[in-house]
Amino acid sequence: MDTAQDTGARRAVKLLIVDDSNIVRRRIERSQQFDDLEVVGTAANGIEALELARRTDPDLVTMDLTMPQMDGIECITQLVRLKPEVRILVISALADKATAVEAMERGANGFLNKPFTDRQLNEAIAELMY
Amino acid sequence: MLREEELKTFVDGTTRYFEVAAQQPASIGSPYLLEGEPAMHDYTGMINVSGKREGVVYFTAPRAMLTVLLMKMQESDFSHESMRDLVGEVANTISGNARRDFGHDFVISVPSVFAGEKPQINQPAGARAFVIPIHWRSHSAKLVVSLT
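Just so you know, the sequences run in chain order A and B.
Heads up: the first sequence is residues 1 to 130, going by this note's numbering.
Heads up: the second sequence is residues 1 to 148, going by this note's numbering.
Please note: incorrect hints may appear among the correct ones.
Said to hold, decoys possible - DSSO-like mimics (lysine-lysine), calculated; alpha carbons at most 27 Å apart, straight line:
(1) Lys83(A) to Lys97(A)
(2) Lys97(A) to Lys8(B)
(3) Lys8(B) to Lys142(B)
(4) Lys142(B) to Lys118(B)
(5) Lys72(B) to Lys97(A)
(6) Lys8(B) to Lys72(B)
Hints listed in this document are in silico derivations from the structure and should not be mistaken for laboratory results.
Chain B extracted, bound-state conformation (with noise of 0.2 Å):
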């Protein structure tokens, strides 16, 4: 079961992304425990991990936050393709840099991608789900972190 501590790595790996890839760090708020199904934005990239871990960690984020986000990143292109592509991305490194202190054990799948529609989650028995806040600029998004 994920213990609160192994929480700081996608913390951290959160902060890091924002301020690398948007120069401009976000604010992380203090994660909770998720009881329930969690609201989700506009759109979601979730990644699968297997391995020595099982569960999920995905990415929601509303329109506004991935358009001010492609800005940040010189892109000139903000189509919905974008935006999924977005998604999947920041999943797929906020998880892939998980594996800096879970180990190359920590199996991680490429991105599935979710918007406009209720993601399947498999979460596994026992597996407890937190919630990461993100702030930057005006806006907010999750990062939900399930893991056996």
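Okay, chain A solo, but in the shape it has when bound (with noise of 0.2 Å):
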């Protein structure tokens, strides 16, 4: 019997895509070019987003900050302790520094500032795949 490991074949990455913006959400799903990766699901705030952790069990978020109901940050800080491996990749138009600190220093592990190309939404990803 084949197994993932005899084949070379691997999982797909699991990505939930958390952003208030339909639009940017879209395009994101729309922009990535990986054939291991799968969209489990949007959320369009912190909660919504909490939610969809528990049931999709997500590899990989892409979390906006600037959310209604519950903002990225606090939504970083429960998503680590609910799922302490998870990669998070900020998309944020929030630009200085200081944010991109506290970002991480909550467990983010990468930041991309809007507006964004498809080439560095890409790069962005891929380095938190691979």
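Given two chains presented individually in distinct reference frames, assemble the corresponding complex, making use of the accompanying hints.
Below, the structure written as structure tokens:
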């Protein structure tokens, strides 16, 4: 019997996209170019993101920061408690260094500023996937 | 009070938004001091600013411009909801990017969006409002910045 290890096949990386803008969520989903990345859910705020993370068990999360109900910084804190091994890429318009440092201290693994090109997005995702 | 040289942050942010998000730079006109109430376009995305500075930043644009902008972003949904989403996102991105110069204490709200209605603008006393005219393709929009 072939196993994933025998064939070299790799399990898809499960991606959860979190952003209060539907346009941005669709843009991330459309622009990512990885065959081994599976979008398992999208959320419009931190509360929805935590609920979806419990249900879908993502490996990678793209996380906006400025969102209603629960912002990204609080969501990162809770998400890391819930699932310490998850990789988090912050995608935010907030461009000051202190925000990036705070996000990393809470448990984010990468930071991409909006607006972004497809290439910047894919490079940032690749850095956290492999 | 917002100094004229601080406007450069918002001019640069607006230029960058169109250059990156729409892959086509906008031409920015000379900013001018707003007197009275500005003419609003079809959709307006507004950010309230608090912390070290107080005031509002808003982006107002006609539906035709937003439709082309969505097309350039490879979007296929041109609904009223998409237009609302887009003006909010433009205002949020330009305001958020301004923290590169204004710092962490330049606190921005989530966007409020207005369509076909006159927005309630809470301009703080003593704040001057500047209009940054934006020309993109054959369309015109405005970014208005009013900060203490």
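| Structure-inconsistent hints, enumerated in ascending order | 5
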